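Top line first, the protein sequences correspond to chains A and B. The first sequence begins at 54 in my numbering and counts up by one. The second sequence begins at 54 in my numbering and counts up by one.
Keep in mind the hints are simulated off the structure, nothing from the lab. Fair warning: this is a prediction, and the values are worked out from it, not measured in the lab. There's no promise every hint is true.
Stated by the list, open to error - Simulated DEER-style distance windows between Cβ atoms:
#, chain 1, residue 1, chain 2, residue 2, range
1, A, 243, B, 54, 41 to 47 angstroms
2, B, 301, A, 92, 23 to 29 angstroms
3, B, 113, A, 203, 34 to 40 angstroms
4, A, 157, B, 115, 33 to 39 angstroms
5, A, 68, B, 249, 39 to 45 angstroms
6, A, 157, B, 54, 27 to 33 angstroms
7, B, 270, A, 367, 51 to 57 angstroms
8, A, 275, B, 115, 55 to 61 angstroms
9, B, 301, A, 243, 38 to 44 angstroms
10, A, 370, B, 243, 54 to 60 angstroms
11, B, 270, A, 270, 55 to 61 angstroms
12, B, 241, A, 164, 17 to 23 angstroms
13, B, 115, A, 92, 42 to 48 angstroms
14, B, 270, A, 171, 38 to 44 angstroms
What the hints assert, rightly or not - In silico BS3-like cross-links for lysine-lysine, where the CA-CA straight-line distance does not exceed 25 angstroms:
#, chain 1, residue 1, chain 2, residue 2
15, A, 236, A, 360
16, A, 298, A, 120
17, B, 298, B, 236
18, B, 261, A, 74
19, A, 261, A, 203
20, B, 74, A, 298
21, B, 278, B, 252
22, A, 252, A, 236
23, B, 301, A, 74
24, A, 301, A, 355
25, A, 301, B, 301
26, A, 203, A, 120
For each residue, glycine too, the CB sits at the ideal point set by N, CA and C.
Protein chains: 2
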Amino acid sequence: MSEISSLGEFGLIDRLTDGLKPVNDSTLRAVGDDAAVMHYHDDEDTLVTTDLLLENVHFDLTYVPLKHLGYKSAVVNFSDIYAMNGTPRQITVSLGVSSRFTVEHIEQLYSGIRLACELYGVDIVGGDTSASHQGLVISITCLGTAPRDKIVYRDGARPTDLICVSGDLGAAYMGLQLLEREKVASAGQPDFEPQFAGKEYLIERQLKPEARRDIIAALAAAGIKPTAMMDVSDGLSSELMHICKQSKTGCRVYEDRIPIDYQTAVMAEELNMNLVTAALNGGEDYELLFTVPLSAHEEIKKIEGVKVIGYVTEPDLGCAMITRDGTEIPLRAQGWNPLAEPDTEKDLHSPIK
Amino acid sequence: MSEISSLGEFGLIDRLTDGLKPVNDSTLRAVGDDAAVMHYHDDEDTLVTTDLLLENVHFDLTYVPLKHLGYKSAVVNFSDIYAMNGTPRQITVSLGVSSRFTVEHIEQLYSGIRLACELYGVDIVGGDTSASHQGLVISITCLGTAPRDKIVYRDGARPTDLICVSGDLGAAYMGLQLLEREKVASAGQPDFEPQFAGKEYLIERQLKPEARRDIIAALAAAGIKPTAMMDVSDGLSSELMHICKQSKTGCRVYEDRIPIDYQTAVMAEELNMNLVTAALNGGEDYELLFTVPLSAHEEIKKIEGVKVIGYVTEPDLGCAMITRDGTEIPLRAQGWNPLAEPDTEKDLHSPIK
Chain A
54 MSEISSLGEF GLIDRLTDGL KPVNDSTLRA VGDDAAVMHY HDDEDTLVTT
104 DLLLENVHFD LTYVPLKHLG YKSAVVNFSD IYAMNGTPRQ ITVSLGVSSR
154 FTVEHIEQLY SGIRLACELY GVDIVGGDTS ASHQGLVISI TCLGTAPRDK
204 IVYRDGARPT DLICVSGDLG AAYMGLQLLE REKVASAGQP DFEPQFAGKE
254 YLIERQLKPE ARRDIIAALA AAGIKPTAMM DVSDGLSSEL MHICKQSKTG
304 CRVYEDRIPI DYQTAVMAEE LNMNLVTAAL NGGEDYELLF TVPLSAHEEI
354 KKIEGVKVIG YVTEPDLGCA MITRDGTEIP LRAQGWNPLA EPDTEKDLHS
404 PIK
Chain B
54 MSEISSLGEF GLIDRLTDGL KPVNDSTLRA VGDDAAVMHY HDDEDTLVTT
104 DLLLENVHFD LTYVPLKHLG YKSAVVNFSD IYAMNGTPRQ ITVSLGVSSR
154 FTVEHIEQLY SGIRLACELY GVDIVGGDTS ASHQGLVISI TCLGTAPRDK
204 IVYRDGARPT DLICVSGDLG AAYMGLQLLE REKVASAGQP DFEPQFAGKE
254 YLIERQLKPE ARRDIIAALA AAGIKPTAMM DVSDGLSSEL MHICKQSKTG
304 CRVYEDRIPI DYQTAVMAEE LNMNLVTAAL NGGEDYELLF TVPLSAHEEI
354 KKIEGVKVIG YVTEPDLGCA MITRDGTEIP LRAQGWNPLA EPDTEKDLHS
404 PIK
């Protein structure tokens with residue numbers, strides 16, 4: 054194992070970025086100068102999003118492998134660009150690293166970032182690397198592009214629009230509960246074998262989420278442009294309320310339409326947790342939540358992996374869920390509060406928002 | 054004083070970004086969606102740079118006021134864009150905040166960032182805000198623009214080019230030494246009054262550096278495009294070696310040509326430090342180091358605040374300083390190693406690189 058200080062900042066960066074080849078025409082110069090240089094064309098707009106991830110706030114290295122962490126750190130940024138109906142193109146990666154990390158550790162982390170970039174066609178163009186007194190710090194900024202008339206904001210939902218969500222919800226949150234449970238059970242037992250059999254999907258959703266590029270492609274192929282869209286990082290309930298607030302509308306979603314995987318349901322049962330609460334408020338699913346005009350109903354139904362869960366209303370009706378027995382329950386944003394002290398956090402929470 | 058958790062992430066962001074009005078045509082949508090949206094024109098390239106600043110690695114809140122810290126955090130990014138001969142346009146600001154900070158603290162920090170943006174004509178377009186277990190974390194990414202034929206890289210220096218530097222060197226480093234000395238002297242004395250009389254320039258250079266936009270403008274007005282350029286953040290010696298390595302050249306600089314302020318010299322004397330070592334290796338000056346063709350000599354001499362300190366050579370001559378008595382001393386990159394543990398750091402170091 055090699056100490057990072059033996060390489061120095063520039064030696065480490067050389068090693069991490071060795072062999073990187075830009076794949077996007079817009080990337081002119083990547084790592085190695087005061088700034089990276091891109092060229093974006095007049096017929097497209099440029100998108101930028103950023104995420105800051107801090108050890109023991111957003112991730113726990115007891116059970117998160119560094120390569121997975123790198124992969125996820127990149128993908129959550131791509132997800133934000135897709136949620137604008139754009140294409141991620143470049144990222145910068147800043148790392149703060151405390152002395153307990155070796156060069157090999159950072160290479161693992163970076164290999165996950167590089168793998169995500171390779172799979173999603175994104176170039177690493179810059180960054181900053183520093184010592185940290187405070188565990189691992191990861192700050193990634195992602196640039197993307199989209200033709201101006203294709204960009205989808207959060208504020209375009211209109212009454213009677215259909216509310217759609219991709220994939221299923223609550224699994225990443227249940228994966229986190231499972232990992233936390235096994236962490237507690239393993240304390241002080243070096244030979245402990247965590248019990249994940251039959252729950253692999255939950256673990257994968259928590260540790261290795263994907264951004265829904267496939268849904269963006271399917272919508273484009275079907276000729277559907279959503280009226281509003283965002284990714285589900287803090288929880289469905291909170292995200293729905295964002296769209297409704299910014300669009301100045303209300304909404305109704307049906308409890309029995311919320312897509313939930315079988316493993317999620319089994320895990321909720323085991324933990325004696327309310328399944329719908331977990332699906333509404335558990336974060337980190339990185340699914341797409343979007344609205345489409347009622348007229349797109351037939352086309353939307355044909356897209357695999359997308360479910361219509363409700364509809365947009367006039368604002369005075371507020372935001373509510375209609376339960377299986379027909380009762381209306383107001384939605385509340387119970388998602389993770391990233392500014393609360395995690396130790397004292399009572400709500401459901403998602404470590405990476 | 055208000056606890057940050059009482060506002061929540063979105064409440065805090067609303068408060069910090071209240072009243073922000075974009076001033077750049079390229080900024081289409083700022084804070085409030087999954088990503089910000091910009092539009093860059095076909096006749097210009099886009100630049101991106103990023104800096105990660107960690108408490109007690111890059112700054113010490115014992116003597117750095119939060120507003121100054123915010124100002125400097127933004128300006129160091131602008132400096133990187135000017136060092137490409139570009140214009141900074143947008144930044145994203147990510148903050149990790151531990152529970153000892155109140156809303157008012159973060160407002161002070163942000164007011165410094167906003168002031169810098171206002172003075173330099175830069176828009177705040179996004180960010181991320183999170184709890185931190187680990188003191189204050191600041192990650193800023195800056196986007197800029199430049200016509201393609203104006204961009205200056207580090208690799209364009211050619212033998213016989215003149216080496217130029219703006220302003221003076223070593224003052225920010227001496228300011229840091231002064232602040233550290235007064236911190237030690239004040240320990241345990243609540244009524245301690247730090248002694249900064251006659252050394253205000255050093256304090257200002259350390260706490261409130263400026264990016265040399267004026268030099269970029271003067272060069273443009275004189276019709277001079279540097280062949281290579283970067284900003285002096287890690288120390289002149291280290292930066293010269295970057296330019297020579299990337300340009301595949303050597304260099305000679307003259308000890309007696311290195312610009313040093315009177316206060317810097319007095320402070321070095323007081324601390325019994327070698328003045329030229331401090332000027333060569335002390336970081337954070339944020340001056341511009343650049344090379345110009347020999348034919349620009351007459352024009353360069355007319356630009357106020359720019360000094361010719363040496364010339365570029367063939368690579369086999371290496372990088373050296375010629376002392377007052379005519380001796381050649383090889384340059385060494387003794388700048389701050391941002392990956393060494395600060396507590397055990399023996400070299401001169403600059404807290405913000």
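Do the hints match the structure? See the list:
Separated by about 46 angstroms at the C-beta atoms, residue 243/A and residue 54/B satisfy the suggested range of 41 to 47 angstroms. Residue 301/B and residue 92/A have their C-beta atoms about 26 angstroms apart, which keeps the hinted 23 to 29 angstroms range intact. Evaluation of the 34 to 40 angstroms hint for residue 113/B and residue 203/A yields a failure: the beta carbon distance comes to about 47 angstroms. Residue 157/A and residue 115/B have their C-beta atoms about 35 angstroms apart, which keeps the hinted 33 to 39 angstroms range intact.
At about 43 angstroms, the beta-carbon gap between residue 68/A and residue 249/B stays in the expected band of 39 to 45 angstroms. The hinted window of 27 to 33 angstroms between residue 157/A and residue 54/B is violated, with their beta carbons roughly 44 angstroms apart. Separation of residue 270/B from residue 367/A is about 54 angstroms and conforms to the stated range, judged on CB atoms against 51 to 57 angstroms. Separated by about 59 angstroms at the C-beta atoms, residue 275/A and residue 115/B satisfy the suggested range of 55 to 61 angstroms.
Under the hint 38 to 44 angstroms, the C-beta atoms of residue 301/B and residue 243/A, about 53 angstroms apart, miss the expected range. Hint check: residue 370/A to residue 243/B, Cβ distance near 59 angstroms, so the stated range 54 to 60 angstroms holds. Between residue 270/B and residue 270/A the Cβ separation comes to about 46 angstroms, which falls outside the hinted range of 55 to 61 angstroms. Look at residue 241/B against residue 164/A: about 48 angstroms separates their beta carbons, and that is not inside 17 to 23 angstroms.
Against the hinted window of 42 to 48 angstroms, the Cβ-Cβ separation of residue 115/B and residue 92/A comes to about 44 angstroms, which satisfies the hint. Taken as a hint, the range 38 to 44 angstroms holds for the pair residue 270/B and residue 171/A, whose Cβ atoms sit roughly 42 angstroms apart. This hinted pair does not check out: residue 236/A and residue 360/A have alpha carbons roughly 34 angstroms apart, beyond 25 angstroms. In summary, the hint linking residue 298/A to residue 120/A is not supported, as the alpha carbons are separated by about 37 angstroms, beyond the 25 angstroms threshold.
A distance of roughly 39 angstroms separates the Cα atoms of residue 298/B and residue 236/B; the hinted pair therefore is violated under the 25 angstroms criterion. Between residue 261/B and residue 74/A the CA atoms are separated by roughly 38 angstroms; this puts the pair beyond 25 angstroms, and the hint is violated. With a C-alpha separation of about 28 angstroms, the suggested pair residue 261/A and residue 203/A falls outside the 25 angstroms cut-off, and the hint is violated. Of the supplied pair hints, the one linking residue 74/B and residue 298/A holds, its CA atoms being roughly 21 angstroms apart against a limit of 25 angstroms.
At most 25 angstroms may separate the alpha-carbon atoms for a hinted pair to count; residue 278/B and residue 252/B exceed this at roughly 35 angstroms. With a C-alpha separation of about 16 angstroms, the suggested pairing of residue 252/A with residue 236/A holds against the 25 angstroms cut-off. Proposed proximity of residue 301/B and residue 74/A is supported: the alpha carbons are some 22 angstroms apart, at most 25 angstroms. The suggested pairing of residue 301/A with residue 355/A is violated, with an alpha-carbon distance near 29 angstroms, which exceeds 25 angstroms.
Using a Cα cut-off of 25 angstroms, the hinted pair residue 301/A and residue 301/B is violated, with the two alpha carbons roughly 59 angstroms apart. Only pairs whose Cα atoms come within 25 angstroms are accepted, and residue 203/A paired with residue 120/A is rejected, the gap being roughly 33 angstroms.
Consistency with the previously given hints fails for numbers 3, 6, 9, 11, 12, 15, 16, 17, 18, 19, 21, 24, 25, 26, ordered from lowest to highest.
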